[in-house]
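S.K.: Assemble chain B onto chain A, guided by the hints.
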Amino acid sequence: DAGVTQSPTHLIKTRGQQVTLRCSPISGHKSVSWYQQVLGQGPQFIFQYYEKEERGRGNFPDRFSARQFPNYSSELNVNALLLGDSALYLCASSFSRDRGTYEQYFGPGTRLTVT
Amino acid sequence: KQEVTQIPAALSVPEGENLVLNCSFTDSAIYNLQWFRQDPGKGLTSLLLIQSSQREQTSGRLNASLDKSSGRSTLYIAASQPGDSATYLCAVGGGNQFYFGTGTSLTVIP
Numbered sequence: 001d002a003g004v005t006q007s008p009t010h011l012i013k014t015r016g017q018q019v020t021l022r023c024s025p026i027s028g029h030k031s032v033s034w035y036q037q038v039l040g041q042g043p044q045f046i047f048q049y050y051e052k053e054e055r056g057r058g059n060f061p062d063r064f065s066a067r068q069f070p071n072y073s074s075e076l077n078v079n080a081l082l083l084g085d086s087a088l089y090l091c092a093s094s095f096s097r098d099r100g101t102y103e104q105y106f107g108p109g110t111r112l113t114v115t
Numbered sequence: 116k117q118e119v120t121q122i123p124a125a126l127s128v129p130e131g132e133n134l135v136l137n138c139s140f141t142d143s144a145i146y147n148l149q150w151f152r153q154d155p156g157k158g159l160t161s162l163l164l165i166q167s168s169q170r171e172q173t174s175g176r177l178n179a180s181l182d183k184s185s186g187r188s189t190l191y192i193a194a195s196q197p198g199d200s201a202t203y204l205c206a207v208g209g210g211n212q213f214y215f216g217t218g219t220s221l222t223v224i225p
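Going down the list, the sequences are from chains A and B.
Under our numbering, the residue at position 31 of the first sequence is numbered 31, and the numbers go up by one with no gaps.
Position in the second sequence (from 1) plus 115 gives the number in our numbering.
No wet-lab data here; the hints were simulated from the structure.
A quick note: this is a predicted structure, and the numbers were derived from the prediction, not measured.
It is possible that part of the hints are untrue.
[As the list claims (entries may be wrong)] In silico DMTMM-like pairs for lysine to aspartate or glutamate, Cα to Cα no more than 20 Å straight-line:
#1 A:LYS13 x A:GLU53
#2 B:LYS157 x B:GLU130
#3 A:LYS30 x A:GLU54
#4 B:LYS183 x A:GLU103
#5 A:LYS52 x A:ASP62
#6 B:LYS157 x A:ASP62
[Stated by the list, open to error] To spell it out: a stretch of chain B is covered by chain A in this simulated footprint if at least three of its residues, at any positions, have a beta carbon under 8 Å from a beta carbon of chain A; those stretches are:
#7 152 to 164
#8 211 to 225
Beta carbons are placed, not taken as given, at the ideal position from N, Cα and C, and that holds for glycine.
Chain A with its partners taken away, still in its complex shape (with noise of 0.2 Å):
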């Protein structure tokens, strides 16, 4: 079985441009988590979908948005680029969101570089 997969690999963007990340969950997994970690830190919780509904966000700013589609694959969009928002962009599935026995499977980032 496939893993998760995100796309692109890599980006470079510009201050105040606009970016589009995309994962797509281990299949038969229904839920989608975004993290970011940045360079030396452990990952940041930024997101997490279910049955297409978000059901958990961090302590990111509303520049920061995401949607699931009804496949269970995910998006995350980030406008208005500041140079602080470089970092790897992790997407992880899981089965459901039964909190007392999920495991959590990540794909490889996406990694974002702000100039």
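M.R.: Relative to the frame of chain A, chain B by itself:
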């Protein structure tokens, strides 16, 4: 808010040595705890998941323990190999998200 700390931040050991990585968390009301491995510039690879009702999990040379009452987890790696060199992250499951530590960077010297 859940705070997760990993000690040490970096560790260098000779090949063949057994080692322990530590993870502590401030809120014991967790659902589970997951250990990950991350190679430079790459995504996270799941190593072990411990449910809140469990005390430990084992996979090959890896053993993870969980003590919720003291807010601690350890990852034990037996007979370390150069291929084990990576950053190890622990993540505590609570609410709708996992809370991550900053990781332990492990180097195994041949």
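S.K.: Give a verdict on every hint.
M.R.: Here's how the hints hold up against the structure:
{"no.": "1", "hint": "A:LYS13 x A:GLU53", "verdict": "violated, 29 Å"}
{"no.": "2", "hint": "B:LYS157 x B:GLU130", "verdict": "violated, 24 Å"}
{"no.": "3", "hint": "A:LYS30 x A:GLU54", "verdict": "holds, 12 Å"}
{"no.": "4", "hint": "B:LYS183 x A:GLU103", "verdict": "holds, 18 Å"}
{"no.": "5", "hint": "A:LYS52 x A:ASP62", "verdict": "holds, 19 Å"}
{"no.": "6", "hint": "B:LYS157 x A:ASP62", "verdict": "violated, 27 Å"}
{"no.": "7", "hint": "152 to 164", "verdict": "holds (count 7)"}
{"no.": "8", "hint": "211 to 225", "verdict": "holds (count 8)"}
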